[in-house]
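Here's the letter readout for the chains.
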Amino acid sequence: MGPINWQTCFFFLMAAIACGAAIAVVISSNIVRMACWLVLSLAAVAGLFFLTGAEFLGAVQLMVYVGGTMVLLIFGVMLTARGPFVSMKIGAAQWVVAVIAAGALLTVLLQAAFGTFGQTQGKPIAAAGSSRELAASGNDVADAASYSPLGLGLIGVRIDRLAERDHVLRGGMSGYLLPFEIISVHLVVVLVGAAYLARARRRMVPRHWRGGEQPSGVED
Amino acid sequence: MVSMTELLTLLPLPSWIVLTIAGAIQAALLLVVALCSAVIFIWLERKVSARIQDRLGPTRVGGRFGWLQPPADGIKLLLKEDLIPAAADRALYRLAPYISFCATFCVFLALPFAAGWVALQLNVAAFFVLAVAGLEVFGVILGGYSSGSKWSLYGAMREAAQVISYEIPLALCVVVVVLLAGTMDLVEIGRQQEGWLWNWNIFNPFAFVTFWVYCTCALANTNRAPFDLPEAESELVAGFLTEYSGFRWVYFFMGEYAAMFAVSGLGAILFLGGWNGPVPVSQWLGLSVDPHGLGAWIDAAGNWATAHIGIHEHVCFAAWLGNLLGMCNFVIKAVLGATCMIWVRWTMPRLRIDQVMTTCLKYCVPIASAMIAGVLVWSFVFPSGVVAYVTAQLRPAIEHREAAPPKAPAKKTATKSTARTIPRGELGEGGGAGRSLLVYGTEEVER
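Residue numbers (this note's numbering), protein chains in the order written: chain F, 1 to 220; chain U, 1001 to 1447.
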């Protein structure tokens, strides 16, 4: 580990907030508070991204995950809850299953994390070298360190693999634009379908079917 | 150019203390900007609304124009009792105002006040600003929910419906400018609009239409009339603010007024030339990093003075003065934008929630999408700007007329004049960031 500096301090601060809030999500019983802790945890992860200089990823994290959780909170929780401040009771069996599942995931993640740590040492330096070459060649790809390589990778240009003459490694340069577009069209279709299914329909419900009570939800 | 951190390293202190001091000063400066804008806008709101309603507004607090009205308001609110309803979720109720204010404050982090005068120069600044500004509503919704009151909950629900209506067109408006500029870096977007008035993005026909859509959505973003549905004093008591009192209430309002400045500042950078004035005065005076004319004299005089004090580092006074001038431009534009917001608030009636959703989703989204398509076509037809396009079309005629003298100098003068009058054309010919990337990409694939 390197010397302690502000980066390290902020890293530990953010990491502590992320982990602590994640544990608080599990422990708290009020569903809105859970969502708040989740937002805090995700925002701390965004902070970690900003700390490592991945600003694009950080902004995406804020936009998609934090904003998404907020929408989830509003429409999933507030509109479906029967009463104010709903609490959730969790049984012992649920705790056991949850601990087993989470423990298994943690094991896999830790293994993956430490495995990658050993393998990729030195690779970032190579990437930095190539981007420095690009800067020397007068191109502004290297200046925009954060999102330009991502965008270029999406359309099939891997600036970290430009030097590779090997066709096997250049094979990854076909790009992800087509799969990305297919997925987004799929999502649009699903959204339109969901909106169609959830659309309020005008049904004529005979009064005697409902035992004489006023049919609710007929009007809209 | 010597930054503040470098100046502080001249002091005999360890580096971590210097970094901490520099960070604290910068954070405090930003906080002062956010809070001062809030205080000034509160005063301005009182005066402008009074004039619109044929009154005078505050006239006696602190002299003739009621200058000290905002501090008087603040003291009054500080002395109020901090009430928390019995039915409230206490922790969330206390937390909500801070979230709202902090989210707005974070927008100021990425907002450039002049060329390079920005706390955090991100290459995705436009996206960052959108992402952070979207978090402000979290505080509003949380406050409305945790109050344990039906008026507050109604306000929060309206806010939720409003958010999902205006966020999409707002982001689409920013995308139009990003496509035009080829970058998401707000400093770069501002720099591209250097020079005369017509280099501003708003003089692009598609950006011009987008600007009005942006104004609508930005107004909705600040929760002000005609989009003040979450508050709606005449219907919901005070909406999400009903149960708040004292200083927590102030936090929400400081957030709202700071958001006015942030949103109109973002609009100024995206559409109205940012820190560039309508006339390139600072360029004429030579107030830049490589000073000339008057700027060179100022630079020399400033450095002579600092050398006498004992600082021998070269400080670029000319660029500093130019940036100061630019910051004045930026602040004037942002304040004018906020004044327009106040003007709209006191002249327009409140929309209904279905009207808000219709405005944003049925009109703003299609218009903004059409503008995106239009801008794509535009940048395909005029890759280096209209003026450059016209000059290129006219060039054969000019050359024909000047055929009598030797050809080479005639050509030279033609290109030179293009470069001088239209910096954007120059940028375009060099390729905006996005365009050159694409060209670069195809080359690499072919190789």
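Calculated from the structure, these hints are not laboratory results. Do not rely on the hints blindly, as some may be mistaken.
Unchecked claim - On the chain F side, residues computed to face chain U include the following (Cβ under 10 Å): (1) Phe11; (2) Asn30; (3) Cys36; (4) Val39; (5) Ala43; (6) Phe50; (7) Leu51; (8) Lys89; (9) Ala93; (10) Glu181.
Unchecked claim - Quick partial rundown of chain U residues pointing at chain F, CB under 7 Å, derived from the structure: (11) Cys1036; (12) Leu1056; (13) Ala1119; (14) Val1124; (15) Phe1128; (16) Ala1131; (17) Phe1138; (18) Ala1160.
Ideal Cβ positions, reconstructed from N, Cα and C, are used throughout, including at glycine.
Results for each hint:
{"no.": "1", "hint": "Phe11", "result": "16 Å, violated"}
{"no.": "2", "hint": "Asn30", "result": "7 Å, holds"}
{"no.": "3", "hint": "Cys36", "result": "6 Å, holds"}
{"no.": "4", "hint": "Val39", "result": "7 Å, holds"}
{"no.": "5", "hint": "Ala43", "result": "8 Å, holds"}
{"no.": "6", "hint": "Phe50", "result": "9 Å, holds"}
{"no.": "7", "hint": "Leu51", "result": "12 Å, violated"}
{"no.": "8", "hint": "Lys89", "result": "18 Å, violated"}
{"no.": "9", "hint": "Ala93", "result": "29 Å, violated"}
{"no.": "10", "hint": "Glu181", "result": "16 Å, violated"}
{"no.": "11", "hint": "Cys1036", "result": "26 Å, violated"}
{"no.": "12", "hint": "Leu1056", "result": "43 Å, violated"}
{"no.": "13", "hint": "Ala1119", "result": "13 Å, violated"}
{"no.": "14", "hint": "Val1124", "result": "5 Å, holds"}
{"no.": "15", "hint": "Phe1128", "result": "5 Å, holds"}
{"no.": "16", "hint": "Ala1131", "result": "4 Å, holds"}
{"no.": "17", "hint": "Phe1138", "result": "5 Å, holds"}
{"no.": "18", "hint": "Ala1160", "result": "4 Å, holds"}
In terms of the numbered hints stated before, the structure departs from hints 1, 7, 8, 9, 10, 11, 12, 13, listed from lowest to highest.
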